[in-house]
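Colleague: Sequence:
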Amino acid sequence: MPAANETLQPEEHTEREPAPRSPVPFALRWLSYLLLIPLVGIATIFFGTISLACGLWDKDGSQQHFIARQWARVLLRVALSPVTLEHAERLRTHKTAVYASNHLSYYDTPVLFAKLPFQFRILAKAPLWKIPFIGWYLDRSGQVPIDQSSARSAITSLGRGVKTLEAGMPLVIFPEGGRAATGELQTMVAGAAWLAIKAQVPLVPLTLVGTYELLPIHVYALRPRPLKLIVGEPISTIGMTTRDADALTQRLRDEIHATYIAHHG
1 MPAANETLQP
11 EEHTEREPAP
21 RSPVPFALRW
31 LSYLLLIPLV
41 GIATIFFGTI
51 SLACGLWDKD
61 GSQQHFIARQ
71 WARVLLRVAL
81 SPVTLEHAER
91 LRTHKTAVYA
101 SNHLSYYDTP
111 VLFAKLPFQF
121 RILAKAPLWK
131 IPFIGWYLDR
141 SGQVPIDQSS
151 ARSAITSLGR
161 GVKTLEAGMP
171 LVIFPEGGRA
181 ATGELQTMVA
191 GAAWLAIKAQ
201 VPLVPLTLVG
211 TYELLPIHVY
221 ALRPRPLKLI
231 VGEPISTIGM
241 TTRDADALTQ
251 RLRDEIHATY
261 IAHHG
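Going by full-length UniProt numbering, the first residue of the sequence shown is number 1, and it counts up by one from there.
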């Protein structure tokens, strides 16, 4: 099994216990059911249809990415949740990089599309490509599927990611592989580090704050609140080999964890 597919055991951290999830207030819950969530669905269908149509002629994906940004901004307005981008200047230090973010909520993706000021591709689980409409968009817009059904499939998928980076297109990845059930940072796999090392591009930590409280996993009512996206210092991979992927992944996790704790309180 290659390093990119190994599950790392993080160092011991002094982590806070997650606060108990309080019930969504009655009025806010029904506002979400009757208005906010339907608006999210309508916006997704509307912008998704336009994007699919653009995919017929949009060869470089720029128009589809622009549409995705508008979709993301609308979803954040519907959620009544403004986003503060901190250390935006770090996003312009390198033309191409792997951007690795913690994963707390379905709203993480809209935040990233709304606030990252350049075109990028997402490395996402291959089963998403089988979902009608969502899969069509992912395929037409040039996102990169990661197939973890076998070691051979995973290596092939990561190879596609390396080619995307070598072509000059940044990648955005959730190294935890899924949303955090408690809001606490999970174990990370080494795929993001492996890709950055193979392409010899920087690995940039991204820390999302507030999206878990906005829309936790298995909850279908929005809790509007201010959100943050904090850009960490880019980590150079020049001279590293794939043998360094585990150590680089641990460093990435440590930096995101420290940033989250510093901003969440």
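Everything labelled a hint here was simulated from the structure, so no lab data went into it.
Every residue, glycine too, gets a C-beta built ideally from N, C-alpha and C.
Among the hints, erroneous ones may be present.
[Said to hold, decoys possible] Computed Cβ-Cβ distance ranges for the label pairs, DEER-style: (1) Ile-261 - Phe-46: 34 to 44 angstroms; (2) Ala-247 - Phe-66: 30 to 40 angstroms; (3) Ile-261 - Leu-85: 16 to 26 angstroms; (4) Ala-88 - Trp-57: 30 to 40 angstroms; (5) Thr-156 - Ile-238: 24 to 34 angstroms; (6) Tyr-33 - Gly-135: 24 to 34 angstroms; (7) Thr-241 - Arg-29: 45 to 55 angstroms; (8) Glu-166 - Arg-77: 31 to 41 angstroms; (9) Arg-243 - Pro-38: 47 to 57 angstroms.
[Said to hold, decoys possible] For lysine-lysine, the following PhoX-like pairs were computed, each having C-alpha atoms within a straight-line distance of at most 25 angstroms: (10) Lys-228 - Lys-163; (11) Lys-228 - Lys-59; (12) Lys-163 - Lys-125; (13) Lys-125 - Lys-59; (14) Lys-228 - Lys-130; (15) Lys-95 - Lys-59; (16) Lys-95 - Lys-228; (17) Lys-95 - Lys-130.
Colleague: Are the Cα positions of Lys-228 and Lys-163 separated by 25 angstroms at most?
Modeller: violated, 31 angstroms
Colleague: For the pair supplied as a hint, Lys-228 and Lys-130, confirm whether the alpha-carbon distance does not exceed 25 angstroms.
Modeller: Status violated; Cα separation ~32 angstroms.
Colleague: Okay, Glu-166 versus Arg-77 on CB: inside 31 to 41 angstroms?
Modeller: holds, 36 angstroms
Colleague: Please check whether Thr-241 and Arg-29 have a Cβ separation lying inside 45 to 55 angstroms.
Modeller: Because 51 angstroms falls inside the window, the suggested range holds.
Colleague: Decide if the proposed pair is consistent with the structure: Lys-95 and Lys-59, CA atoms, cutoff 25 angstroms inclusive.
Modeller: holds, 20 angstroms
Colleague: Measuring from beta carbon to beta carbon, are Ile-261 and Phe-46 in 34 to 44 angstroms?
Modeller: holds, 38 angstroms
Colleague: Just to be sure I understand the hint, the distance between the Cβ atoms of Thr-156 and Ile-238 should be within 24 to 34 angstroms; is that true here?
Modeller: Given a distance of about 26 angstroms, which is inside 24 to 34 angstroms, the answer is holds.
Colleague: Given the hint that Lys-95 pairs with Lys-228, test it: the Cα-Cα distance must not exceed 25 angstroms.
Modeller: holds, 23 angstroms
Colleague: Can you tell me whether the CB distance of Ile-261 to Leu-85 sits inside 16 to 26 angstroms?
Modeller: holds, 19 angstroms
Colleague: Between Ala-88 and Trp-57, does the beta-carbon spacing fit 30 to 40 angstroms?
Modeller: holds, 32 angstroms
Colleague: Regarding Tyr-33 and Gly-135, is the given constraint of 24 to 34 angstroms on their beta-carbon distance met?
Modeller: Hint holds: Cβ distance 27 angstroms, inside 24 to 34 angstroms.
Colleague: CA of Lys-125 to CA of Lys-59, is that 25 angstroms or under?
Modeller: holds, 23 angstroms
In terms of the numbered hints stated before, the structure departs from hints 10, 11, 14 and 17, listed from lowest to highest.
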